[in-house]
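Trainee: Per my numbering, the very first residue in the sequence shown carries number 1; after that it's consecutive.
Treat the hints as calculated values from the structure; they're not laboratory data. Hints are supplied without guarantee of correctness; some may be wrong.
[Said to hold, decoys possible] Straight-line Cα separation of at most 30 Å, DSBU-like style, residue types lysine-lysine; simulated pairs:
(1) Lys68 - Lys82
(2) Lys111 - Lys68
(3) Lys20 - Lys36
(4) Lys36 - Lys82
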Amino acid sequence: MAANREALNQQLQQIVNSLKEQGILDSQFLMVHSLKEDNNPFFLAELIPMFCNNVQTTLRDLNRTIEKEPVNFHDMNELTMKIKGCTSSIGARRLALACVTLWRAVDNKNKDGCISALNGIRQEYQTLRSSLDRIVELERRIVSHQA
């Protein structure tokens with residue numbers, strides 16, 4: 001049982017290292033992962049779905065805001081800062097960088113630039129989401145081997 005748990009931990013570490021090398025995650029993710037405690041071993045497995053829900057909700061709100069005429073760039077700015085804050089706090093580096101691109105388009109009041117940047121954010125989110133889903137699955141398997 002301990003050997004299997006160790007193998008799962010190694011697999012998890014390899015995935016995280018690969019994601020860091022690709023620039024998808026940064027060292028903030030490692031810090032967040034280290035917050036897992038014995039009394040809450042599911043911390044990361046609970047945090048990631050909350051993060052994903054927040055990003056999805058904010059993306060939906062961004063899409064609704066950009067579709068309205070005239071575009072409310074103040075609301076776009078607020079939503080952009082919200083999604084960037086989420087991504088930075090969990091260590092989603094490439095997604096955070098994509099948010100900077102959106103922020104610049106919002107700052108320039110460039111609707112076409114915003115639409116293009118939102119497409120980039122959606123693409124980065126999908127890449128990140130599939131990786132985070134694998135991490136959550138491994139985290140749950142690791143914790144179940146500790147019981």
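Trainee: Where does the structure disagree with the numbered hints, that is, which hint numbers, in rising order?
Mentor: none
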